[in-house]
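Colleague: Sequence:
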Amino acid sequence: MNKISDLQRKEINIAIVGPVSAGKSTLMNTLFTNQYSDMKIKRTTMTPQVYFEVNEELNMTTLSHKIKEQNREINQNLIQKSENNETILYCDIAESKYFIPRVHKLIEMPPDVYLTIYDIPGLNDSKTKNIYFQYMSNNFYKFDLIIFVIDINSALNTSDEIDILRNIIENSKNNFDNYDTENKVIILANKCDNLILDKDGTLLMEEEYQEMFNQIKTIVNTEVNKVFPQLQYSILPISCEDSYIYRMYDRDPDMDLDLRYVNKFGYDQCGRATWNKLSEDVRKSKIKKLMSEIDIDEVLKLSGFLDFKNVLNEYLNTDSQIKYLVNHVYYVMSRLKGYDKLDISDDIDKFRVLKSKIEEIYNIYTFSKRINTTILQDLKKFLFNTEISNNNIDEYQYISDIQEWLDMHDVQSKYDEGGIVAFYNKYLNDYLCKHFKNVIDIEISNINENTIEQIYKIKNNIDIVVKYFTDLIIGKYILSRVNRAINQYYIENIEDENTSIKTGIKYLYDLACNNFEIKYGLISSLLCRDGITNVNAKQIVDYLNTLKSHKLIKKTELINLSKQILLSIYEHILNGNVIGYISDDAISKYVYLADNYWSNWDVKEVLIDDQIYQNILDIKFLAKQMMIKRILHNVCDQHNYNPGEIGNYMCNNPLVLEEYLTKVIFDGDIETADTFEIDETDSSFLSDSSSSDDDLDDLDDLNDLNDVNDVFDEKLEKVYKRVSKCVSKSLPKSVKRDVWKHYVGESIGMCKCFCCKKKDINAFEFHVGHVESKKNGGSNEIVNLRPICALCNSSMNTKNMRIFMEENCYGTLE
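Under the working numbering, the first residue of the sequence shown carries the number 53, and numbering increases by one thereafter.
Keep in mind that the hints were calculated from the coordinates and are not lab data. The model shown is predicted, which means the values in this text are computed figures rather than measured ones. Please note that a few of the clues may not be correct.
Mimicking DSSO-like on lysine-lysine, the simulated pairs with C-alpha atoms at most 30 Å apart in a straight line are [claimed, not checked]:
#, residue 1, residue 2
1, K511, K554
2, K120, K361
3, K62, K149
4, K558, K571
5, K827, K804
Using C-beta positions, here's what the derived DEER-type ranges look like [what the hints assert, rightly or not]:
#, residue 1, residue 2, range
6, E549, E824, 44 to 52 Å
7, K509, Y142, 36 to 44 Å
8, K785, K810, 22 to 30 Å
9, T270, E121, 38 to 46 Å
10, D401, C143, 42 to 50 Å
Where is the CB? At the ideal position from N, CA and C, for every residue including glycine.
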C-alpha cells in the first residue's frame, strides 16, 4: 500500500488476530470454506498469511493442498528454530501470500472489489510476541476491519490478551487521528458450544459461559473508553468449529473433512451411538441427506456464525466499503513527501492517478455520494486559520470564494473530492513553506535573478496541479499569490533603468504569458527612458517589432510609442545634446534629412484619424524647429551641403525611425526598414521645402532672427502642450513606491483611486497625481502627490486636483 501500483486492486482488508490456539485458523478456514491452514491445539501459524480474493477459477482441492503444505513447511522451520532457542527476527516472519477464489456466501460486494484477509500468528507467544506486535503496528494502516478471536474460557483473564486488545485500540485510534480511517472491530468469544435460541431469536449461553461473556464485555468497554471511545465494536459468541463444519458441507456435501469434524457433525445430527454404527459409505450418503434437509441458516444461527455474518455485512455496508477504499488512496496521498524536492512533477502525476482511482471507486458503486463532512471541516479549518496579510482585499475575496465552494459541495458531490482537496492543500502548503516561504509572506525583495528560475519551477508545478484539479481552489489561491509576486518582480525590473531594454521586453513577454495585462505606461517607461537616445535606431525598430510580434502592443500604442521615442530624440538634439549613435559631424545631416522628410509629408487629406494627423503635425513641427534652431545657433553651416555628401550619409544612416513610424501609420510592412531613396540631381533636395500645414506656414520666408524667435515661441507653446506627455519624464519609481506606502500602506492589494474614489488601483497599476499641478508650481513632494487611476490622471491634465474633483463631484481630497 505504500506504492500507487498497490491501488490497482480495490480491496477491503480484514485482519484476524488473537492469542495462540484461540481458533483463528479455524475461523479463517470457515470464512473461505476451505482448509488452508491446520487447525490444531498447538500453534499452527508462525508467519502472517495474506489471502487475496480473485475472480479466477481455481482447482480447490489442489489449491488447498498446496497452501496447507507450504504453510506447514514455513511453520515447521520457525518452530524448529524456536525450539533450538534461536532468536526469531522480524525478517523471519515475511508474509506468505496466496490467491484464492471468492469467499463463499459472506459479504455482498461489487465484482471489482475484493476481500484480502490477514491471518496473523498468535500474539502471546513469549518468544515472538514483540516482533508480531511490531508487525501489527507496522501494517495496521492497511486494515479496515479487525476480528479479535479469544477463547471464552479464558475471557481476557491474561495480560497477553489485554495487551492484544490494547494494541488494537491504540492502533485504531492512530489510524483515525492520522489517516481518518474508522476501523471497526469484531470480538469473537469462540468455543461457545451448545448455544440455544430464546423466543426472540436471541442466542443464549450456559450460565457459566454467560458470566465469562459478560466479563469480556466489561473489560473491553473499560479499555475502549480509556483510549478511544469512538471505536465501533461488537462482541459476539461463536463456535468456529461448528460454523466451519456446516459451511464446508453447505458448499459441498462431498467435502472430505478430517474424521473429528465428520464425527462431530454425525454426533450432533444422529447421536453418538447411532453414528458410530454407520459405515463410512453410509455416513457419506447420510451427510448428503441430512444437509439437504437442514435449514442452514438456523444451524449457522445456533453456531453464532449468522450473527457474526450480519454484523460483518453491517460493518462493511456499501458506504463503509467506499470509505475504506477511498481511505486507502488517501493513505498513499499522505505518504507523498516530494515537496522536499524543488521538482514535484512526479508527485503531481501521482496525484492525478490517485484522483482517478477515487473516481473509479465511486463509478463502481454507481451513485452520487455526499461529500465527507469531517474532511470538509478539516479543510475549512486549514483555510480559515491561514493568516491574511495586511487585511488584503484580494485574499479576502479568495477566502469568500472558497467558503462559497465549500457550502455548495457540502450537500452533494459526484465523489468525495473534499478529502483530495485537503491532501492537496497540505501538500502544497508544505511545498511552498519549504521552497517559497517568501512568496507566501509576500516578501518580494527576496526574489532576484538567481531565484526567479527556481520560483518558476515551483509556479509550473502548481500550474499543473490547478490544470488537472479544477476544483482545487486553494491551489488557485496560492498560484495567484505566486503569480502576483512574480509579476511584481518583473514590473520592478522593467521600471529599473539598470535593466536593459532587451531584457525588459523579455520580462514584458513573461508578464503576458503569466496572464498579466500589459499596460501602455509600462512599455513606455521601458522604451522612453533617458538612455533611448543612445540606442541605435535600427535596434529600436527591432525592439518595436518584437513588441508587435509578441502582441504586447496595439497599433495606436505602437504609433504613439514610436512618436514618443522620436520626439525624445528630437528634443535631445534641440537642446544641444549628443545622440549616442550619430557622430557630431553627422548630426547636422540627420537634422536636415529629418526636416526634409517630414516637410514633404502632406497627409491631411489621406489621414482620417485626427489623433494620427495631430501626431504628424507635432513631429513635423519639432523637426522644423530642430532644423532651424541648429541653423540659428550656427551648429552647422547650411551652405556646405551637397547632394553627394547627403546621399552618402543617408545610405549609411537611413531615417529608420521616421520611416518606421509612417509605415506603421499606413499599415505597411514594418518588419524591415527600407533605405530612404533620394534623387541627388533633384534641385529641390537642396531647397528648404515648406509645409502646407498651418503650424508650419509661418516659418516660411523668415529672414529676421527676432521674427523667427517670436514665431517659435508662439508655436512652441501650442506644440509642447500636445507633446509634453510624450517627452516628459515620469516620476522616479522610488517616489511612486513612497507615495503608495505613505497613503495606502504595505498592502499590495486593491484600493480606490484617491481622486474619483471609484476606480480600483493596486501597487502594480496606479498613477501619481499632483494636488497642485506642476504647471501651477506644484512640487514632487509626497504631500503634493496622491495615488490615482489612469482615467483621472489623463482627464485632470494640468488642473489642480481639488478643482478637478469639485467639477466632477468627487468629494473632498483626502
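Colleague: Can the restraint linking K62 and K149 be considered satisfied, given a maximum Cα separation of 30 Å?
Modeller: Status holds; Cα separation ~17 Å.
Colleague: Below or equal to 30 Å on CA atoms is what counts here, so check K511 against K554.
Modeller: The hint holds at about 24 Å.
Colleague: For the hint 42 to 50 Å, verify it against the beta carbon of D401 and that of C143.
Modeller: Hint violated: Cβ distance 33 Å, outside 42 to 50 Å.
Colleague: Would the hint linking K558 and K571 be met if the CA-CA limit is 30 Å?
Modeller: Distance ~15 Å between K558 and K571 Cα, so the pair holds.
Colleague: Would you mind confirming whether the straight-line C-alpha gap from K827 to K804 stays at or under 30 Å?
Modeller: Status holds; Cα separation ~26 Å.
Colleague: Using the C-beta atoms of E549 and E824, is the stated range 44 to 52 Å upheld?
Modeller: At 28 Å between Cβs, range violated.
Colleague: Does K361 sit within 30 Å of K120, going by the straight-line distance between their CA atoms?
Modeller: holds (25 Å)
Colleague: Does the Cβ pair T270, E121 satisfy 38 to 46 Å?
Modeller: 43 Å Cβ-Cβ, so the 38 to 46 Å window holds.
Colleague: Starting from the hint 22 to 30 Å, judge whether the C-beta atoms of K785 and K810 obey it.
Modeller: holds (26 Å)
Colleague: Assuming the hint says 36 to 44 Å, is it satisfied by the Cβ distance from K509 to Y142 or not?
Modeller: Once the Cβ atoms are compared, 40 Å apart, the range 36 to 44 Å for Y142 and K509 holds.
Hint violations for this structure: numbers 6 and 10, all remaining hints satisfied.
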